[in-house]
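**Q** Given next are the chains, with one letter for each unit.
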Amino acid sequence: MMYSFIAPRPKKLLSSEVRLALIFFTVIAVVLSALYGFFLYQNTQLQVELSALKAQYVEISEQNEMLMDDIEFIEDQAGFIENIRTENTILKEKIKNFLDLVPDEVTLHKVALSSSDLILEGITADKLSFNSKLQMPLQSMFHQTEVAYTPQEDGSLQFVSRSILHKESRP
Amino acid sequence: MKTRRSVFDLLVTVFSALALLSIFVFMVLVPEGRAYRTLEKSVQKEDMELSKLQMQYDQRYDRHTTLQDEYRNAMTAVERHFDQEKFLAQHAEDVSALELTFKQSHHSNSVYVIKDFDVIARFDSPKNFYTFMEKINKSDWIMAVKVPMTFERVGDEINAIFSMNVYSLN
Chain A
84 MMYSFIAPRP
94 KKLLSSEVRL
104 ALIFFTVIAV
114 VLSALYGFFL
124 YQNTQLQVEL
134 SALKAQYVEI
144 SEQNEMLMDD
154 IEFIEDQAGF
164 IENIRTENTI
174 LKEKIKNFLD
184 LVPDEVTLHK
194 VALSSSDLIL
204 EGITADKLSF
214 NSKLQMPLQS
224 MFHQTEVAYT
234 PQEDGSLQFV
244 SRSILHKESR
254 P
Chain B
219 MKTRRSVFDL
229 LVTVFSALAL
239 LSIFVFMVLV
249 PEGRAYRTLE
259 KSVQKEDMEL
269 SKLQMQYDQR
279 YDRHTTLQDE
289 YRNAMTAVER
299 HFDQEKFLAQ
309 HAEDVSALEL
319 TFKQSHHSNS
329 VYVIKDFDVI
339 ARFDSPKNFY
349 TFMEKINKSD
359 WIMAVKVPMT
369 FERVGDEINA
379 IFSMNVYSLN
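Chains A and B are the protein sequences, given in the same order. Position 14 of the first sequence, counting from 1, maps to 97 under this note's numbering, and the rest follow consecutively. Position 34 of the second sequence, counting from 1, maps to 252 under this note's numbering, and the rest follow consecutively.
Chain A extracted, bound-state conformation:
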């Protein structure tokens, strides 16, 4: 290095150490600023995402409610309809089972069926076959059975049977 008395060496505003320190802190500041920018960007994105998720949640909740109401409605309807059809089937089976009981010796003229009683009118060849083949099963199905016989000119018996079903009392 050449030294001179007439040409002074150029003076620097900042020494090399200070410049180094400044560069170092500038780099750190840039990194931190980038991190801050990342946070800002991500927070904006997350806010948008969160709003979208909340809106979607509300929408699906509403759809869920509607679906639930619809399911409840269908189940109620289905239950109600099934109940009606089951009652029809039970009634049909009840009549079928009863008519299957009627022996050949008995001819029915009238059958009246209500929820609590059964009235039969007809003709039987004799009391014994009526009692054993029809009266007995009726007694097992109903709480009370009464029969009135009227003798006919041809020797057969006209009967009127009334079977009563007591309604069960609930406590």
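Hints are computed from structural coordinates only; laboratory data are not their basis. All of these numbers come straight from a predicted model, not from anything done at the bench. Idealized CB from N, CA, C, for every residue including glycine. It is possible that part of the hints are untrue.
Examples of chain B residues lying across from chain A (beta carbon under 10 Å, computed) [as the list claims (entries may be wrong)]:
{"#": "1", "residue": "Glu264"}
{"#": "2", "residue": "Asp265"}
{"#": "3", "residue": "Tyr289"}
{"#": "4", "residue": "His325"}
{"#": "5", "residue": "Val337"}
{"#": "6", "residue": "Met351"}
{"#": "7", "residue": "Lys364"}
{"#": "8", "residue": "Met367"}
Here are the simulated distance ranges between beta carbons [said to hold, decoys possible]:
{"#": "9", "chain 1": "B", "residue 1": "Glu311", "chain 2": "A", "residue 2": "Glu145", "range": "28 to 36 Å"}
{"#": "10", "chain 1": "A", "residue 1": "Val141", "chain 2": "B", "residue 2": "Ser234", "range": "49 to 57 Å"}
{"#": "11", "chain 1": "B", "residue 1": "Asn291", "chain 2": "A", "residue 2": "Ala135", "range": "35 to 43 Å"}
{"#": "12", "chain 1": "B", "residue 1": "Asp276", "chain 2": "A", "residue 2": "Glu170", "range": "34 to 42 Å"}
{"#": "13", "chain 1": "B", "residue 1": "His324", "chain 2": "A", "residue 2": "Lys179", "range": "44 to 52 Å"}
{"#": "14", "chain 1": "A", "residue 1": "Val141", "chain 2": "B", "residue 2": "Ile332", "range": "34 to 42 Å"}
{"#": "15", "chain 1": "A", "residue 1": "Thr169", "chain 2": "B", "residue 2": "Asp276", "range": "29 to 37 Å"}
Chain B regions said to be covered by chain A (calculated; three or more residues, Cβ under 8 Å) [said to hold, decoys possible]:
{"#": "16", "segment": "249-261"}
{"#": "17", "segment": "316-322"}
{"#": "18", "segment": "338-344"}
We have chain A already, so just place chain B on it with the hints.
**A** Chain B in isolation, oriented as in the chain A frame:
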């Protein structure tokens, strides 16, 4: 002299930069970072809840579809308006005579309109009556056969008298 000045400049630079950076970090960066963490957790939580809800919705949708498929005929039947002429035509082959008399119409729980009919039907044999009852359950309308029922012998036929309720949605 030069060295002392340089050290002073360096110290001032370092401490000033540290002070500025600290202020930036603690006043701006850390709160923003915390907000980021909080938001991220909120998004995860919301996403999880949404997934649960979506799963619940999918299950209900499947149940709804199954129910619709299973009860399509019944649901259509209960929505259909009762056509008396069509009913008589549908059951003509099971009966030798069929007569329907409309009695009254009333509501049940504001859901159904119930039409009450008196029915007089004549059958060749009890089997025809059973077939009639089975067809009622499969018919285009929801109908309930009601007791009291009366069966009377008329010649070789059976005369059945009973009432019937026809249900349709209000």
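**Q** Can you give the numbers of the hints that this structure goes against, from lowest to highest?
**A** 4, 5, 9, 13, 17, 18
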